[in-house]
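2 protein chains.
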Amino acid sequence: MINVVFLGFGNVNSHLFDALYKRKEVAVKQVFNRNYIKLISPYENIPFTDDVSKIEDADVYIIGIPDDAISAFSESMPFQNRLVVHTSGGVAMDALSNKNRGGIFYPLQTFSKQRKVDFKNIPICIEAENSKDLKLLRSLGETISGNVVEISSEKRAKLHLAAVFVNNFVNHLYQIGSEILDKESLPFDLLKPLILETASKIETLSPNEAQTGPAKRNDIKTIEKHLHLLDDSEYVKFYELFTEALKKV
Amino acid sequence: MINVVFLGFGNVNSHLFDALYKRKEVAVKQVFNRNYIKLISPYENIPFTDDVSKIEDADVYIIGIPDDAISAFSESMPFQNRLVVHTSGGVAMDALSNKNRGGIFYPLQTFSKQRKVDFKNIPICIEAENSKDLKLLRSLGETISGNVVEISSEKRAKLHLAAVFVNNFVNHLYQIGSEILDKESLPFDLLKPLILETASKIETLSPNEAQTGPAKRNDIKTIEKHLHLLDDSEYVKFYELFTEALKKV
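Protein chains in written order, with our numbering: chain A, 1 to 249; chain B, 1 to 249.
Take these hints with a grain of salt, some might be off.
[To be verified] Computed, partial: chain A to chain B, Cβ under 8 Å: (1) D94; (2) R115; (3) K155; (4) N167; (5) L173; (6) E197; (7) T212; (8) V236; (9) K237.
[Stated by the list, open to error] With a straight-line cut-off of 35 Å between C-alpha atoms, the simulated DSBU-like cross-links for lysine-lysine are: (10) A:K221 to B:K132; (11) A:K54 to A:K24; (12) B:K225 to A:K247; (13) A:K155 to B:K158; (14) A:K221 to B:K158; (15) A:K132 to A:K183; (16) B:K192 to A:K132; (17) A:K113 to A:K38; (18) B:K113 to A:K158; (19) B:K116 to A:K192; (20) A:K38 to A:K116; (21) A:K237 to B:K132; (22) B:K247 to B:K216; (23) B:K248 to A:K221; (24) A:K237 to B:K158.
Hints were generated in silico from the structure; no laboratory data involved.
Just so you know, these numbers come straight off a predicted model, no measurement behind them.
Glycine included, each C-beta is placed from N, C-alpha and C at the ideal position.
Work out the full structure, taking the sequences as your base and the hints as a guide.
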């Protein structure tokens with residue numbers, strides 16, 4: 001049995017909590033959050049505290065709080081030499097206070113409050129200061145995911161950077177698509193099958209093999225027509241930047 | 001029974017052929033292509049010609065050739081007053097020669113030779129010069145898709161533009177993500193669950209609701225770290241452009 005305490009209860013930790021709680025190999029001992037949170041059914045019996053001094057014993061503490069608060073918060077723990085991990089893609093392991101044993105438990109996925117996710121295929125990137133802790137984090141990760149990988153803080157930073165491109169930036173292109181359609185009173189639903197197929201394609205094709213479109217085939221006439229349709233809007237910069245890059249591929 | 005002749009046999013037409021051939025309401029009378037194509041099993045009995053003068057009678061002719069060739073090619077047809085449609089997102093209906101009745105049969109999807117697609121949910125955008133032809137195109141579309149919509153050439157041009165953002169440009173961001181990982185010898189597979197979830201999210205959330213990440217929360221420290229990691233590469237421009245736009249959202 002792996003005893004876990006959650007420190008913070010934002011998007012990542014509440015989804016991790018939800019997944020780990022169900023595993024018989026895991027016992028969620030307690031949830032700490034700076035602000036009071038009412039845990040609702042079926043979690044109403046999990047002890048909650050908003051008092052750092054009342055954090056209970058556990059095999060692993062999982063910090064899920066804003067990146068820039070991780071360091072000071074880990075320093076404020078009233079205990080020593082326990083395994084304290086954080087869940088952030090962009091923060092190095094050595095940002096954690098060295099009064100405890102540090103580690104990383106980073107699920108590479110986008111989490112929204114309103115949406116359940118299935119952890120089975122989500123890569124969980126782990127790192128630890130010693131091999132025993134690494135083994136424990138692997139065991140913990142494998143209770144919910146078939147894809148637990150050891151990755152250094154340095155490589156994880158690059159992975160997180162790549163994730164920003166394929167998640168946040170991609171989603172912003174969806175936003176632009178939706179705005180272009182809005183202006184024509186066309187429903188965004190029209191683009192959804194294309195969006196899903198674009199993402200599904202790269203399951204079997206490389207992005208390079210999957211690429212199509214006017215920029216790739218250097219179709220100057222269509223490109224000029226599109227720039228004309230964009231009519232000096234803020235999207236012109238995006239169109240030009242991508243088109244230039246795609247012509248070179 | 002709707003008799004169809006395919007004019008050209010690139011990505012769009014070969015996928016349309018594959019889908020329409022199977023419908024009992026449709027008879028594929030012939031495939032024309034400028035260069036010889038060997039139709040393989042189970043299509044080996046479909047007549048093929050590379051001679052414009054031998055194109056057979058049909059209820060509808062579906063042109064699937066490069067955008068800039070559509071106009072002249074439609075003018076070269078050796079018959080008159082028949083229904084001739086094209087499948088391009090970016091070309092107006094009036095680009096078709098007026099010696100025949102023009103129309104549009106535009107499946108809004110990304111097609112690659114190597115990948116089968118399921119037409120059931122694909123929007124098929126139709127347009128015609130008269131209501132009888134429009135009705136025929138609707139019937140034809142509904143044999144393969146539950147999502148046949150009438151859209152004017154003007155709105156279709158904007159739809160095609162939006163499609164370039166959510167397909168070609170999105171795929172280029174996948175390419176950048178894959179290159180960032182390559183340099184670290186990390187497998188692109190790590191990003192695939194995130195890519196798929198990012199696309200799936202907008203089935204139920206708007207792109208605005210779905211957005212997360214350092215730029216949205218104006219996390220200057222992470223943004224600066226990322227720019228540092230990008231190290232003056234060609235990706236910096238992309239990072240800066242998206243980040244500036246996301247800060248404003």
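* Asked: Is it true that the CA of K38 (chain A) sits at most 35 Å from the CA of K116 (chain A)?
  -> With a Cα-Cα distance of about 19 Å, the restraint between K38 (chain A) and K116 (chain A) holds, given a limit of 35 Å.
* Distance restraint between K225 (chain B) and K247 (chain A), which requires alpha-carbon spacing of 35 Å or less -> holds, 29 Å
* Regarding the pair K192 (chain B) and K132 (chain A), is the alpha-carbon distance no greater than 35 Å? -> Status holds; Cα separation ~30 Å.
* Asked: Given E197 (chain A) as an interface hint, is the shortest Cβ-Cβ distance to chain B below 8 Å?
  -> holds, 6 Å
* Asked: Is the hinted pair K247 (chain B) and K216 (chain B) satisfied, with a Cα-Cα distance of at most 35 Å?
  -> holds, 5 Å
* Are the Cα atoms of K113 (chain B) and K158 (chain A) separated by 35 Å or less? -> The given pair, whose Cα atoms are some 33 Å apart, holds under the 35 Å limit.
* **Interface hint compliance - L173 (chain A) to chain B, C-beta minimum distance less than 8 Å** => holds, 5 Å
* To do: Compare the distance between the alpha carbons of K113 (chain A) and K38 (chain A) with 35 Å, and conclude whether the hinted pair is satisfied.
  => Judged against 35 Å, a Cα distance of about 15 Å means the pair holds.
* Asked: Minimum Cβ distance from K155 (chain A) to chain B below 8 Å?
  -> holds, 5 Å
* Is K221 (chain A) within 35 Å of K158 (chain B), Cα to Cα? -> Since the Cα atoms of K221 (chain A) and K158 (chain B) sit roughly 15 Å apart, the hinted pair holds (cutoff 35 Å).
* **Straight-line alpha-carbon gap K54 (chain A) to K24 (chain A), limit 35 Å** => This hinted pair holds, its Cα atoms lying about 25 Å apart.
* Given R115 (chain A) was flagged as interface, is its beta-carbon under 8 Å from a beta-carbon of chain B? -> holds, 6 Å
Violation of the numbered hints given earlier is confined to hints 1, 8, 13, 15 and 21; the remaining hints are satisfied by the structure.
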